[in-house]
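Here is how the chains run, residue by residue.
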Amino acid sequence: MTAKRIGWGAVVLGFLAFFVAVPPLTVRSPIVVIVIAVAAMAAGSYAITAGEKRLGWGGIIAGMIGLVGGYAATQSGVANLERVVVWGALGAATLRYATPLIFGAVGGLFSERAGVINIGLEGMMLMGAFFGAWGADVTSSWLLGIVIAIAAGAVFGAIHALFAVSFRADQIVSGTALNLLAVGVTGYLFVEVYGDLGTPDDLPSVPNVSLPIDWLPLLGDIFGDLNLLVWLALAAVLMTWVFMFRTSWGLRLRSAGENPLAAETAGLNVVRTRYLAVMASGGLAAMGGAFLSIGFLHTFTQNMTAGRGFIALAALIFGRWRPGLALAATLLFGFGSALAQRLPVFSPSGAVLFQALPYVLTLIAVTGLIGRSIPPLALGRPLPRN
Amino acid sequence: MADAPALELRGITKRFGTLVANNAVDFELRRGEIHALLGENGAGKSTLMNVLYGLHQPDEGQILLDGQPVTIDSPRRAIGLGIGMVHQHFMLVPVMTVAENLVLGAEPRSGPLLDYKTATRRVRELSSEYGLAVDPDAKVEDIGVGTQQRVEILRALFRGAKVLVLDEPTAVLTAQEAQDLFKVLRTLTAAGTSVVFISHKLNEVLDIADRVTVLRRGEKVDTVSTEGATERSLAGLMVGRDVLLRVEKTEQKLGEPLLELEGVSAVDDRGLPAVNDVTLRVRAGEIVGLAGVDANGQSELIETIMGLRAPTAGTITAAGVDVTHAGPRETLNAGVSHIAEDRHRRGLVLEFDLAENLCLREYKTPAFSSRGFLSPSKMVARARTLLKEFDVRGGDPETRAGSLSGGNQQKVVIARELTADPKVIIAAQPTRGLDVGAIEFVHRRLVEERDAGKGVLLVSLELEEIRSLSDRVLVIYEGRIVAELPPESSEEDFGVYMTGGGRDERAA
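If you read the sequences in order, they're chains A and B. Going by UniProt numbering, the residue at position 275 of the first sequence is 275; the numbering climbs one at a time, nothing skipped. Going by UniProt numbering, the residue at position 37 of the second sequence is 37; the numbering climbs one at a time, nothing skipped.
Certain hints may be false.
As the list claims (entries may be wrong) - To give an idea of the chain A side of the interface with chain B (calculated C-beta under 10 Å), a few residues: (1) N80; (2) E82; (3) V242; (4) S248; (5) L261.
No wet-lab data here; the hints were simulated from the structure. In this text, a Cβ means the ideal position worked out from N, Cα and C, and glycines have one as well.
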């Protein structure tokens with residue numbers, strides 16, 4: 001057995017320690033949890049001494065999470081547990097919570113792979129949320145609402161590109177300014193258009209897709225009745241991967257983010273590439289916002305994105321700027337949110353603590369504890385002047 | 001127009017603000033020739049070629065390709081016209097494969113997708129056609145600089161280059177790789193490609209080029225055939241006066257020991273032994289050369305002397321002060337100056353302006369500050385004097401150090417280190433990457449310091465430099481001093497010790 005396998009074994013054992021204590025297994029003895037968790041940590045330590053440091057630490061952390069979570073589960077009532085841990089509902093909720101994050105992360109991927117830091121995702125998402133709702137309202141069509149949201153996000157992206165690419169401003173400052181601007185613009189327009197009443201109750205909303213798979217045990221519950229935008233988000237991940245790594249446009253976009261001078265020397269127009277990438281970024285993030293307003297909550301409220309753009313960016317970094325890994329990160333964060341929503345049965349304060357999970361995991365990711373997160377080489381650097 | 005030259009530049013003028021980088025430069029490239037563009041650092045060679053490649057727009061002048069006037073407003077246009085460029089700093093994307101880099105900008109497609117198979121096949125075809133071996137699936141970050149350069153050349157050929165511009169192509173190559181490159185260039189010209197070869201190395205220009213155009217301070221001096229030209233004649237054209245390729249030294253007046261190392265050992269960054277039991281002594285009024293092949297402990301030895309690396313054994317004394325465990329500041333204060341091996345990393349703060357860089361060593365003294373506050377006016381005034389004294393061109397005190405050419409950056413480092421009136425000077429590869437004019441300047445200053453009774457430890461990979469400057473030469477191999485030779489010894493003698501030979505005789 002290689003150290004690598006033992007390291008992975010440690011990670012799996014760590015999660016198993018938690019898994020055995022919740023439905024459907026619902027092992028009631030804390031001893032079992034403790035034994036499995038300790039085994040996970042032991043395997044992790046062994047992997048570290050055998051040279052697999054990162055994976056080993058991952059195993060130890062998983063073991064500790066499993067120990068705490070599993071032990072807590074054994075100490076709660078079975079009825080409570082069965083109310084919280086309903087895997088089908090949790091799975092569907094995970095996808096729902098992950099959807100704005102997926103759109104945001106995939107959007108961020110376009111911008112950052114082209115070399116432009118996009119901390120303005122939050123603002124672009126918020127623009128999408130408002131203009132999706134407003135567009136759907138005035139056109140009475142959820143489809144046109146989405147289109148208008150995408151346009152609004154792309155315009156915001158173009159503004160970011162104008163400052164970050166053309167004026168060579170600091171990209172973090174530019175993105176932060178856009179976030180503040182978005183709060184102001186959407187807040188002003190919201191009050192101006194809808195006043196105290198809020199968005200109308202008959203706001204057109206994006207339909208759910210009902211699949212005839214009710215009879216499937218777990219999958220039926222998770223995938224049977226999801227919003228159209230959830231499916232679009234998953235499709236966006238796949239399409240982004242194909243675009244980025246299997247087409248010549250993707251190659252060009254990535255070259256602009258890795259070595260813009262090389263791209264320019266090869267006869268490419270880096271400025272145009274970056275503009276388009278940041279605008280695409282804005283459009284995608286805006287779809288995430290539109291999901292919030294006309295796909296999920298069926299209303300717009302001020303500053304309703306509430307930091308989801310930042311979490312999407314965190315997922316992108318945690319996912320090492322790769323579509324598949326970023327998706328996994330958003331699902332993990334989404335699962336955290338889904339669990340947090342159900343946890344108040346036990347402890348309201350614990351549920352709030354769960355919301356910090358994405359940031360903690362991102363910190364772990366950027367410090368290189370579990371695999372190093374290496375950004376595109378020219379990320380944040382404008383094209384050198386001749 | 002079959003007899004028209006492949007490329008002709010007529011009266012190209014390019015200004016950057018008040019600086020005239022190119023002044024009415026004419027240049028003619030015949031079909032199938034290798035034409036060298038020779039000049040000191042900052043003479044305007046790269047600017048001229050960037051004009052040709054569409055990276056700069058000329059203020060005046062005309063470009064003709066095959067006798068037809070053309071406008072080149074972007075690299076894309078230049079590539080379309082059959083001009084390929086291999087830059088000094090390679091323009092490749094490190095995380096991508098050779099094939100991806102090669103086709104970037106003109107990718108083969110199947111439907112909307114990138115046709116990677118065709119890309120690798122084209123790489124293989126070109127690679128065997130021109131005898132430039134590369135692995136299309138290797139990532140650029142994993143291959144050596146010689147191979148990276150081949151990728152750049154292949155890329156230009158892939159885009160259909162008829163005129164190939166190489167900007168100081170040998171700067172990063174070993175001697176063997178350079179010879180390989182020359183072979184490739186000859187193959188290319190035989191097949192009808194025309195080559196512009198930018199360089200400031202006289203010997204290789206004579207070796208490879210058919211004709212040479214010499215630039216000096218942005219102006220064309222002359223175009224000559226390499227037949228009948230000598231290093232001396234080219235150097236004269238380049239610098240504008242006769243150049244002393246050999247150093248004149250006065251008779252030696254030896255004084256007391258200024259730098260003494262006794263049994264010094266140190267480990268490298270990985271914790272492996274790098275310096276082993278080194279004992280050496282530099283006396284006032286002598287230049288001691290340290291010869292050796294790269295990476296035989298020279299860098300670690302210098303760092304140990306300068307207090308940048310802690311010795312694991314031995315003692316170091318500078319001008320009578322024990323600096324064995326001193327930090328860099330104490331070592332400097334003991335009277336040691338350090339012309340650092342890597343001027344970008346250790347010698348200068350590239351983002352600082354020249355006035356700031358020039359006071360990095362003595363910023364605390366009343367010359368630059370009072371009561372803990374820097375005095376910008378004093379800094380600028382002092383910088384102005386030094387820039388003039390050390391003939392630093394292309395910058396005033398407010399210029400960012402990073403924007404100077406290599407030779408002038410080195411002059412700034414030397415100005416700072418020598419005006420501190422040191423007793424000992426550690427000169428590590430002081431002329432790396434410099435042109436003949438600047439090399440002559442650096443050599444003269446070092447000899448002047450020796451004549452003024454300073455002790456100089458000269459570490460260099462250029463054996464010629466060591467032999468012409470030093471009074472005695474030590475040879476370092478695998479972190480040990482393996483021989484002491486008089487500088488007149490033959491290159492072969494040095495070569496034996498530098499490569500680890502001759503040790504058995506010594507032990508016997």
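These are the hints, each one checked on the structure:
1. The restraint placing N80 of chain A at the interface with chain B is violated, with a minimum CB-CB distance near 49 Å, outside the 10 Å limit.
2. The interface hint given for E82 of chain A is violated, since its Cβ lies 48 Å from the closest Cβ of chain B, which is over the 10 Å cut-off.
3. Because the beta carbon of V242 of chain A sits about 8 Å from the nearest beta carbon in chain B, less than 10 Å, this interface hint is met.
4. About 4 Å separates the beta-carbon of S248 of chain A from the nearest beta-carbon of chain B, less than 10 Å, and the hint is met.
5. Hint on L261 of chain A holds. Least Cβ distance to chain B is approximately 6 Å, under the 10 Å limit.
In this structure, the hints that do not hold are numbers 1 and 2, in rising order.
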